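Engineer: These protein sequence lines are chains A and B, in that order.
In this text, residue positions in the first sequence follow my numbering: the first is 1, and each later residue adds one.
In this text, residue positions in the second sequence follow my numbering: the first is 1001, and each later residue adds one.
Source of the hints: derived by calculation from the structure; they are not laboratory data.
Check the hints yourself; a few may be wrong.
Facing chain A, according to a computed beta carbon distance under 10 Å, are these residues of chain B, among others [unchecked claim]:
#: 1; residue: 1060
#: 2; residue: 1065
#: 3; residue: 1066
#: 4; residue: 1070
#: 5; residue: 1072
#: 6; residue: 1083
#: 7; residue: 1084
#: 8; residue: 1088
#: 9; residue: 1099
#: 10; residue: 1104
#: 11; residue: 1116
#: 12; residue: 1118
#: 13; residue: 1122
#: 14; residue: 1160
#: 15; residue: 1274
#: 16; residue: 1278
As the structure is a computational prediction, the values presented were derived from the model and not from experiment.
Yeah, the Cβ is synthetic: ideal placement off N, Cα and C, and Gly gets one too.
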Amino acid sequence: MNRALTVARHDLVWLRRDPAPVITMLLTPALLMFFIKPLYVGALDRLGYRGVNGAELAVPGMTVMFSFFMAGLVTESVFREHGLNTWARLRVSPLRDTELMTGKVAPCLVLVMAQSCVLFLLGRVVMDLRVRGSLLALLAVMAALSACVVAFSFLLCAVARTRRQAFAYERVTTLVWVILGGTLVPTELMADWVGSLAGFTPVYWASHGYREVILDGEGVAGVLPHVGVLCGFTVLFVALAVWRFNGGADKQHWD
Amino acid sequence: MTPGPTPGPLPGPTPGLRIRGLVKSFGGRRVLDEVDLVVERGEVVSLLGPNGAGKTTLVSVVAGLLRPDAGSVSVLGTDVVRAPRAARGRIGLAAQDVAVYPTHTVEENLRFFGALAGLRRGELRTSVDTLLETLDLTPLRRRRARELSGGQQRRLHVGCALVHRPRLILLDEPTAGADPQTRRGLLRQVRALADDGGTVLYTTHYLQEVEELDARVVVLGDGRVREDAGVDQLIARYTRSELVLRFSGEAPELPWPGARVAGDTVFLPTDRPGVDLVKAVELTGQDRERLRAVELSRAGLEAAYLELLGAGRDE
Ligand SMILES: Nc1ncnc2c1ncn2[C@@H]1O[C@H](COP(=O)(O)OP(=O)(O)O)[C@@H](O)[C@H]1O
Ligand SMILES: [Mg+2]
């Protein structure tokens, strides 16, 4: 696993030297949260919550959505290796596929966690977000969501043949999930058929896990089902990715 | 660089590289068609052949990056077709296209690949420092690869293939686009690796390099090994040397098979320059008074190579 660490550290240097993509992934959701917050006051009222200011939905909503957009960091770092011809180098080195992919996704896991923490802190400080439940439960949802995002990014790397494909799959999937999963508009306020599909998206379980903690004051026990389902999605994505992954495949950065 | 005495290959229990009956097709077209090749440890083999001859394909198969359709490839005694990973870490590949990280410094690039191969701390530092020195990159060590010139990038590219001290070294056109100084440094490095017991397979289009290295030459053409010989043997087989006689004033006609006259110079083809030199001077007779200089013009590998390719085409 020493070698996985070497890969992870190497990628972190790359990210540090051009931090713009990571910064964008913090600034954009922060701005969106801020502008979208007042819209949620009415929605929360219809759901029966009193004494709220909209941040209860705006902060976790944007956090979940942009967590999945972070999957792009992993796909970029993998397809970049193909573009730079360094993938062949890695394949001639003693690095195993598991070590390589562990090294590739590990920084993303840390960054998604960090992104969520920063956005929640910002919500707390700037938008007066009040969490009624336990902080530990909040962190549990966060961790499970981050694992799920990383597994999703691994799956994207395994199925896409070019960087542009990976990007297209990532955006389409995330946006569909975000809409169906009730991250933008709570499922209760959408058509019934949407509600019945929502449970099939990881985004729904992340959003509702956060809702349980923030609005319903739940503790760790209250979010166990949500964390469990997110872990299930993680296992599913990893399994599919391992099944489809072929390190010897001829992939392109540009095509 | 004057080619010193070439230390012969050190025949170990197993050769550094053994290829038998290698076949590789792309879309029904046979790029490699029953290629056989053995490279002993301590030997440098120059792989020549026109564009599209299959040199890069051959190198990729040996590196375990491509699966052959048939045949066997054994690297340092390990069958890499059956177990493509078994030889990983003992192979150093500098592929045809430069593969370095533009965002990382020269030193970071080298350290990364060294660390992946399992070098640690002191060992890694020594290897990186030595390589920076031999490849003339020490002053550039903190420069990002993005900022290097093409030739400097290629040196770094070769360095990344050597940092873990591999025993089989595959260099696919390592000197393409390099300046004469860089080329010289790289060649010195290649020779040193072989002298150290490494097995080197090296493709190039610069025949002068091959002569300087005094390498064994393997020529690929139409997917097969067309020639496999030393530089001298190839030159002897495909070209003839010439005695060059220069006169003051018009050169005389000499009764010599294949003689050419151009102004004040006569060219006499020869296979035995020593014996023929005396004979030629005797033949000049009374023109000997006007004889200014006698030289031996040795045909080069390039002439031999072009002749060889031409011969292949006429078949
Ligand atoms: N991945 C590939 N797919 C299809 N054809 C290929 C591929 N790689 C190489 N070829 C073909 O195989 C032939 C040999 O290529 P290559 O080994 O690169 O030659 P060389 O390195 O001697 O110039 C060329 O005609 C090339 O077009
Ligand atoms: Mg080539």
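Engineer: The structure should be examined with respect to each hint, and the outcome stated for every one.
Structural biologist: Checked hints:
1. 1060: The hint holds - residue 1060(B) has a Cβ within 10 Å of chain A, the shortest such distance being about 8 Å.
2. 1065: holds (6 Å)
3. 1066: holds (8 Å)
4. 1070: violated (18 Å)
5. 1072: Residue 1072(B) check fails; min Cβ-Cβ to chain A is 19 Å, beyond 10 Å.
6. 1083: Status violated, d = 13 Å.
7. 1084: holds (8 Å)
8. 1088: This hint holds: residue 1088(B) lies near chain A, its Cβ roughly 5 Å from the closest one there, short of 10 Å.
9. 1099: holds (4 Å)
10. 1104: holds (6 Å)
11. 1116: holds (4 Å)
12. 1118: holds (6 Å)
13. 1122: violated (16 Å)
14. 1160: holds (7 Å)
15. 1274: Violated, about 49 Å.
16. 1278: violated (57 Å)
Taken one by one, the earlier hints fail for this structure at numbers 4, 5, 6, 13, 15 and 16, listed in ascending order.
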